[in-house]
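Visitor: Now for the letters of each chain:
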Amino acid sequence: MAEKDQVKLLGIWASPFSRRVEMALKHKGIPYEYVEEILENKSPLLLALNPIHKKVPVLVHNGKTILESHVILEYIDETWPHNPILPQDPYERSKARFFAKLVDEQIMNVGFFSMAKADEKGREVLAEQARELIMYLEKELVGKDYFGGKTVGFLDFVAGSLIPFCLERGWEGIGLEVITEEKFPEFKKWVKNLEKVEIVKDCVPPREKHVEHMNYMAERVRSS
Amino acid sequence: MAKKEESVKLLGFWISPFSRRVEMALKLKGVPYEYLEEDLPKKSTLLLELNPVHKKVPVLVHNDKLLSESHVILEYIDQTWNNNPILPHDPYEKAMVRFWAKFVDEQILPVGFMPLVKAEKGIDVAIEEIREMLMFLEKEVTGKDFFGGKTIGFLDMVAGSMIPFCLARAWECMGIDMTPEDTFPELNRWIKNLNEVEIVRECIPPKEKHIERMKKIIERAKSTF
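Chains as they are written, first to last, in full-length UniProt numbering: chain A, 1 to 224; chain B, 1 to 225.
By construction, these hints were calculated from the structure, which means they are not laboratory data.
Built from N, CA and C at the ideal position, the CB exists for glycine as well.
It is possible that some hints are incorrect.
With the C-beta cut set under 7 angstroms, the calculated list includes, among others, these residues of chain A facing chain B [as the list claims (entries may be wrong)]: (1) 64; (2) 66; (3) 67; (4) 68; (5) 71; (6) 75; (7) 78; (8) 79; (9) 90; (10) 91; (11) 94; (12) 97; (13) 98; (14) 101.
Starting from the given sequences, assemble the full structure and let the hints guide the process.
Guide: So, in structure tokens, the structure goes:
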């Protein structure tokens with residue numbers, strides 16, 4: 001760890017993608033400068049650092065720019081190897097990556113993008129599809145405190161930032177209960193465990209403000 | 001590095017760039033494997049058993065471990081068989097490779113085929129969008145033989161399987177010259193270099209057969225909403 005290590009993170013308070021990067025940085029005790037971006041008014045810095053996607057998160061480490069939350073998480077893990085967030089074993093690592101993609105691609109699409117454009121009946125169908133996908137995660141959690149085992153790791157940050165602390169807030173806003181205690185006891189246990197982890201608590205958007213924000217984001221999808 | 005009872009199987013589809021790139025990686029590392037051809041769109045019971053989540057190829061079976069998703073598989077291969085590494089050692093270089101690989105599959109692919117077929121905003125607009133994306137890759141490969149430097153690597157396999165040996169065949173079917181030499185000298189040079197690498201040549205769909213199939217794929221795509 002170089003003396004003059006400079007780490008800057010461009011993020012948005014409500015973005016699960018930038019929140020998960022904050023979790024990883026805090027987990028490893030890496031000091032960083034946080035720059036809050038505004039979705040509707042992106043800074044010239046963001047546009048310069050990420051001209052391709054114009055999105056957060058953006059990590060700047062000693063002048064090097066890294067984009068895409070999964071790529072950033074892997075970079076952080078490789079650059080600061082203490083408190084590892086990915087498993088050592090190649091197969092366990094592959095499973096973590098596989099499920100992280102499932103969360104951000106399939107679960108995100110069904111649980112947010114499609115949901116935003118659906119009517120009430122459509123939402124019920126999508127909720128069922130989301131449950132089927134989340135059931136894979138439920139099975140992964142059996143016998144574990146976290147996806148990472150005894151401590152939080154990559155998949156806890158990805159799934160945690162997206163599902164309980166983002167999508168569920170959106171579902172709450174539209175009065176939809178997707179994940180029930182009865183069908184998802186392991187998942188519920190995992191969320192309770194997560195809520196006790198300080199670095200996770202520090203990196204979760206404040207609830208009421210977030211529920212409101214999720215309604216706003218769904219509106220944006222509908223009007224695009 | 002193979003142990004006595006090591007078993008590697010790959011379920012793939014000859015026309016899928018996702019399974020072709022896995023073959024490139026296995027061949028580069030000299031990993032012996034059994035190839036099982038899936039006759040898509042009909043899915044075998046084996047595929048449905050091995051990849052119940054996505055029901056897609058490629059699926060790699062290494063001893064009793066099942067892996068799916070081509071990028072996940074490529075990373076697994078690189079970590080399990082250490083010879084001829086396909087990812088750079090440096091974390092930042094590695095991050096760049098991963099970023100561009102995602103860019104190929106998540107940004108270029110969605111604009112590289114269907115929007116051309118549908119041409120909702122007009123074919124010229126669709127072509128321009130693709131060229132803008134390809135220009136990023138043009139810059140990345142400038143001054144290099146391959147994205148991986150002197151030898152092929154992860155990004156060569158991802159971008160190679162997807163662009164010159166898959167999308168470009170669709171573009172050819174549609175009579176589009178997507179990457180003219182004067183606008184994309186570096187990409188064209190990279191493609192020439194790729195064509196000279198034996199393991200790449202072995203892992204690309206045979207051109208005529210591919211174009212024939214592409215014509216049918218395009219017809220089918222035109223008739224969907």
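Visitor: Each hint should be assessed against the structure and marked as holding or not.
Guide: Cross-check of the supplied hints:
no.	hint	result
1	64	holds, 5 angstroms
2	66	holds, 5 angstroms
3	67	holds, 6 angstroms
4	68	holds, 6 angstroms
5	71	holds, 5 angstroms
6	75	holds, 4 angstroms
7	78	holds, 4 angstroms
8	79	holds, 5 angstroms
9	90	holds, 4 angstroms
10	91	holds, 5 angstroms
11	94	holds, 5 angstroms
12	97	holds, 5 angstroms
13	98	holds, 5 angstroms
14	101	holds, 6 angstroms
The structure meets every hint from the earlier list without exception.
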